[in-house]
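Peer 1: Based on the hints, put chain V in the right spot on chain P.
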Amino acid sequence: MTPADLLGGAILASVACYALLGGADFGGGVWDLLATGPRARHQRTLVEHALGPIWEANHVWLVLVVVVLFTGFPPAFAAISEALFAPLVLLLVGIVLRGAAFTFRAYDRPDDAVQRRWGWIFSMASVIAPLMLGTSVGALASGRVRVEEGIAAAPRLAWVAGFPLVVGAFTAALFAFLAATYLCVEAAPADPGEAGRPGGGLADDFRTRAVLAGIAVFLLALAAAVLSRRQAPLVYRGLTARPWSLPLHLATGAAAVAAFAGLLARRYRAARLAAAAQVALIVVGWGASQYPYLVVPDLTLESASAPRATQVALLWALGGGALLLFPSLWLLFRVFKGERPFSAMDRPRR
Amino acid sequence: MTDLLYARWLMGTSLAFHIVFSAVGVAMPLLMVVAEWRWRRTGAPHHLDLARRWAKGAAILFAVGAVSGTVISFELGLLWPGFMRFAGPIIGMPFSLEGFAFFAEAIFLGIYLYGWDRVGPRLHLASGAVVAASGALSAFFVTLANAWMNHPAGFDLVLGRATDVSPISAMFPPGWLHEVLHVLLSCYAATGFAVAGIHALRLRREPRSRFHRTALGIALAVGGAAAVLQPLSGDLSARQVARTQPVKLASLEGQFRTERGAPLRIGGIPDPAARETRGALEIPRGLSLLAFHDPDAVVRGLDDFPRDVWPPVRRVHLAFQAMVGLGTLLAAVSIAALWLSWRAGWRVPTGRRFLGAVALSGPLGFLALEAGWLVTEWGRQPFTIWGVMRTSEAVTPVRHLAAPFWIFTAVYVFLAVAVVALLRRQIAAVPHVDAAAPGAPETETAP
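Protein chains in written order, with my numbering: chain P, 1 to 350; chain V, 1001 to 1447.
Certain hints may be false.
[What the hints assert, rightly or not] What follows is a list of derived Cβ distance ranges for each label pair:
{"hint": "1", "chain 1": "V", "residue 1": "A1225", "chain 2": "P", "residue 2": "A322", "range": "30 to 38 Å"}
{"hint": "2", "chain 1": "P", "residue 1": "V312", "chain 2": "V", "residue 2": "I1269", "range": "48 to 56 Å"}
{"hint": "3", "chain 1": "P", "residue 1": "A288", "chain 2": "V", "residue 2": "A1225", "range": "49 to 57 Å"}
{"hint": "4", "chain 1": "V", "residue 1": "G1120", "chain 2": "P", "residue 2": "P38", "range": "35 to 43 Å"}
{"hint": "5", "chain 1": "V", "residue 1": "R1040", "chain 2": "P", "residue 2": "P341", "range": "22 to 30 Å"}
{"hint": "6", "chain 1": "V", "residue 1": "L1123", "chain 2": "P", "residue 2": "R116", "range": "49 to 57 Å"}
{"hint": "7", "chain 1": "V", "residue 1": "T1258", "chain 2": "P", "residue 2": "Y291", "range": "34 to 42 Å"}
{"hint": "8", "chain 1": "P", "residue 1": "L324", "chain 2": "V", "residue 2": "G1120", "range": "18 to 26 Å"}
{"hint": "9", "chain 1": "V", "residue 1": "R1040", "chain 2": "P", "residue 2": "L157", "range": "55 to 63 Å"}
{"hint": "10", "chain 1": "P", "residue 1": "A322", "chain 2": "V", "residue 2": "D1308", "range": "29 to 37 Å"}
{"hint": "11", "chain 1": "P", "residue 1": "Y291", "chain 2": "V", "residue 2": "H1293", "range": "34 to 42 Å"}
{"hint": "12", "chain 1": "P", "residue 1": "L324", "chain 2": "V", "residue 2": "A1332", "range": "38 to 46 Å"}
{"hint": "13", "chain 1": "V", "residue 1": "P1207", "chain 2": "P", "residue 2": "P38", "range": "50 to 58 Å"}
{"hint": "14", "chain 1": "V", "residue 1": "G1012", "chain 2": "P", "residue 2": "A113", "range": "30 to 38 Å"}
Please keep in mind that the hints were generated in silico from the structure rather than gathered at the bench.
Backbone N, C-alpha and C define an ideal beta-carbon position, used for all residues, glycine too.
Bound conformation, chain P alone:
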């Protein structure tokens, strides 16, 4: 394990955390956009309550990814910024409008027209941001971003291709799936419902949405896999031909099946854990399949490394920061997500 490998692992872990926490917040925005039926207003309120206290903290994972990348692997950061200029600018516009509109809605006039206007910006931005994030990741994995003498080669349109765009759609669907699964748990105490049906109507709404989004995730994953054979050959090989490929796919598949089973059985906490595991495994699978490349195929963890002194200092900083960060995060979730914020068990209802 070189410092570069450890830092690569830290970046991947931060991406996974961003997907699990920040990603779900974007997914919440998607369900705000798609709120329908007799309980549309309740659905939006639930999303708002779920996001309010935590979205800013969840968003910082992305900032952490960026700063670790530019400190530990500056040539990769520079090349990625050059090559993916357009999707990253759109991602930023999405991030800015999502956060600002969400906050403005909370503090603006409560009448419907005003709330709907902010809500529309919030939810549209919540769709654009994951699309662009996924497209950028897809472009990096595809091997279409070429780096010549340290500079991203023109024309910088690596992201305009089937595979990156499908990965973008996949990311948006995945975040929506994750959010819907989380919201089933959040709906349960908010709406006692009928006996044996925790959450009642509101939880059922998100259960249906989670299942539909899950199907979309599956289809888009299939499409991405098919496209990757031609358009992302290195990652395709990484996903299929390495010794850990099969166990990883089996684990991801098992998590997906467990999430579906949990949803169908209305075991929402179990479903949430399985869905989170599924998303984490997907991120790990992406990282493992393109290891040791940061920008496939021209920059590796090794070739893009900052001097060793920087990487070692950065690792110490990350370690020290984590000691402060994780207890604080636990406190945040403990305060706002109930007594057992990460529990997998649904207690029998009294």
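Peer 2: For chain V alone, kept in the frame of chain P given last:
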């Protein structure tokens, strides 16, 4: 416009926008924590009301600061990949540590804003204190990076490449303390005065409002203390610049000739073509005295330096004059406030003329802050990293930067309008009829 100019405009617009919200993010939590602490001590309901209302304002402004700060972190690479390739490993450390400070700020602001009824009183107050402290810590780390751009350290330059990188010494380049101090004080002064200005305006209409009087007291105490200390920290900064960036000092002061016993120029317009500064009020030997604490010290003029390392002299000089002038005004208002409050037996002064002066001073802190930021950025030109890398070498090879420039400018204008409208709404929502019964004896003391 060239792409380089668009890149500079985009970075400048983004920073000029973000800097307002980040300064508020540093100082506003302090104000709201002081208000809550007063409430816990006195039990007076208008203190609680104040803490809650300030917290709402902080929430709106912090959210915009958080997302606009994210834009900046990406723009470092989107606009200046050459800079990041070179400087990332050297000054990435303070940015990474700032990431954790930002985490703490966001986590505990969430607990503070949404936790009034969910956590105990001590944890709530402590959360607010953590937000205030981590806000200051964020500013500290980010300013370290800027200090390094002014005085690169912690590496050896060999054939245009950085070797022997020491990220820890790079974090603390010469002059870091002065710059950090100056930035932190400017955050407290600008925010304190902006808040004080709003409440002074309301107090002129409702002189009996305890709510606005308490608010004015806390905001003036924080903003005024910072404004009085700021000239001292400015002196430290100016002497640092005199030692390490003489060409920047010469631009600040419009000093073209190298001179023993150089005069201090107040106002005036430098004319780089004629190499002289016209229309300034000159205080003999003033500059030598201020910059080196020696009336006979030699001050190097712009003439000593090749024309191609001159900053944009006129703009730098004018921005510097604006910053110093506005800062001096604020310090004067602060001292007047102190004197008036002492005469009133340590109560918040509420004379109409004084309130008018405070209301007029409201925007000046932020104007001074923006001017000061322009001074340091323009004053470092044509370099991104002083003496090491020119801005033109740092810029991205991506073309058509007009598009992102206009997109982000439109977004910022939209956000600015929305924020102003929302804050006006928040301020208007403060009840006009005060909790205190008319004619009731005033028992409250000024903070």
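Peer 1: Each hint: holds or not?
Peer 2: Okay, the hints, checked on the actual structure:
1. V:A1225 x P:A322: 30 to 38 Å: holds, 36 Å
2. P:V312 x V:I1269: 48 to 56 Å: holds, 51 Å
3. P:A288 x V:A1225: 49 to 57 Å: holds, 55 Å
4. V:G1120 x P:P38: 35 to 43 Å: holds, 39 Å
5. V:R1040 x P:P341: 22 to 30 Å: Because 28 Å falls inside the window, the suggested range holds.
6. V:L1123 x P:R116: 49 to 57 Å: violated, 36 Å
7. V:T1258 x P:Y291: 34 to 42 Å: violated, 59 Å
8. P:L324 x V:G1120: 18 to 26 Å: holds, 21 Å
9. V:R1040 x P:L157: 55 to 63 Å: holds, 59 Å
10. P:A322 x V:D1308: 29 to 37 Å: Once the Cβ atoms are compared, 47 Å apart, the range 29 to 37 Å for D1308 (chain V) and A322 (chain P) is violated.
11. P:Y291 x V:H1293: 34 to 42 Å: Violated, since Y291 (chain P) and H1293 (chain V) (Cβ atoms, about 59 Å apart) do not stay within the stated range.
12. P:L324 x V:A1332: 38 to 46 Å: holds, 42 Å
13. V:P1207 x P:P38: 50 to 58 Å: Because 52 Å falls inside the window, the suggested range holds.
14. V:G1012 x P:A113: 30 to 38 Å: For G1012 (chain V) and A113 (chain P) the Cβ distance comes to about 36 Å; the hint holds.
This entry does not satisfy hints 6, 7, 10 and 11, going by the numbered hints stated previously.
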